[in-house]
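J.: Sequence:
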Amino acid sequence: MIYYLERRHWLSAAAVLAVGLLVALVQCAPSRSALEQVLARGELHIVTRTSPATYYQGSDGEAGFEYELASRFADKLGVALRVSVARTLPEMFEELAAGHVNLAAAGLTITANRSQNFHFTPPYQLISQQLVYRLGNSPPQDLAAVASGRLEIVAHSSHAERLVQLAREVPDLRWHENPSLDTEELLIMVDEELIDYTIADSNEVAVARRFYPQLAVAFDISEPEPLAWAFPGTADESLLRAASTFIEELRASGELDQLLERYYGHIDVYDYAGTPVYMHQVRARLPRYRRYFEQAGDTHGIDWRLLAAMAYQESHWDPAAVSPTGVRGMMMLTQATAEYLGIRNRTDLIQSIDGGARYLQQLNERLEEQILEPDRTWMAVAAYNVGLGHLNDARRITRQLGGDDTLWKDVKENLPLLRERSWYKKTRHGYARGDEPVRYVENIRSYYDILVWMDEQERPTRRPSKAWAVDSPSL
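Numbering of the sequence shown is given in our numbering, commencing with residue 1 and proceeding in unit increments.
Hints should not be assumed to be uniformly reliable.
Said to hold, decoys possible - Cut-off 27 Å, straight-line C-alpha distance, at most; resulting in silico cross-link-like pairs (DSSO-like, lysine-lysine):
{"no.": "1", "residue 1": "409", "residue 2": "76"}
{"no.": "2", "residue 1": "425", "residue 2": "409"}
{"no.": "3", "residue 1": "409", "residue 2": "426"}
Hints are computed from structural coordinates only; laboratory data are not their basis.
Note that this is a predicted model, so its numbers are computed, not measured.
With the hints as constraints, model all of the structure from the sequences given.
T.: Structure (structure tokens):
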């Protein structure tokens, strides 16, 4: 009996000793850093917000500048990307501060208040805060004139911080902070004249104006400000350092400029004044011809909306259109191109659309393999307008000037040089009005974007819910 009690006591002591050793080992063992946790889990979890400039669900899946940038970072780390959408800015920062997500990628301005609680990467884009009103109303000349109208902004935003600063100079300035609506929704309220003004970042205004052309910018209320990713304000900066290095490398390689050009490069040259007419024609005229664009698109592997955008640029969807130079029909084919394609009647609707699609497909196939999408499509579209020979001349000039001739953003800078004798006399195909294909492509890009957006409006689930939600991972 004594032996049993002593042995039980010995076992208890051993158990206590083992537990103590385990605790000591756990305390001594280094904990995983934020970067190591992401790598071990195989997943980068970001929080963002829904907008055309950040993240949205398009017809081909998840899209948006912030989404693409984060996807590239996840790819660099070799992990999956998990996206969560926050209803409001406070919710976004709460989730970030609580460590429920790894970073916030949502077009966030670096402000003094935010920097007290969060870390930021180097900036990847500069924007200005802009006061927006609706065309047809008197444009305010200054903030004092805004005091008599209704100014509504996103609650807890950088715009609110800026207005607090400006109110010291304009004591009568008043505004309402909306806790439930985002920037795009407030811009729509201005468009529908439910409020007089709002404030939005210049990149978001530029995108929104293509869809709501009655929006106008009165003036900037800030100097250029940096956008960056936000991280928890903890001592562990391992993931922050990795993201900062990634953005700097992306900038140095030119990939960041390529991504910015993809989303914003065509907006600068777009004619907003023509948008109402275009959107009216999408509803009034396009339905008559849509099935023919869809058929040609299916046959030749081209998005029908791109073909429709090209046709609008060419003929404003007029099958009988004729230009002073002799091109004619819906897709404005030249006589030589029509003969090459075997088209007998250029004003025949079906022949014209199918011929234009076939010609675009052939131009695409004749481009060098190293030209990747979406640059490949835009160069093929440019060749449709100016000819493949002139496009290749511009590509050679691009190489001579140290640019990348596989990127549309570099080639479009040099196409106008084909007008200058000092350049075109050294090319194979001579003079060309090289500025025209640049405007041609950029207009089509905007027409295409608007058509995609309007097409998505018809779908019941064109955007993710405003509620906090986790969407499926994407690699």
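J.: Determine for every hint whether it applies to the structure shown.
T.: These are the hints, each one checked on the structure:
1. 409 / 76: holds (24 Å)
2. 425 / 409: holds (24 Å)
3. 409 / 426: Roughly 22 Å separates the two Cα atoms, so the pair holds.
In terms of the numbered hints stated before, the structure departs from none.
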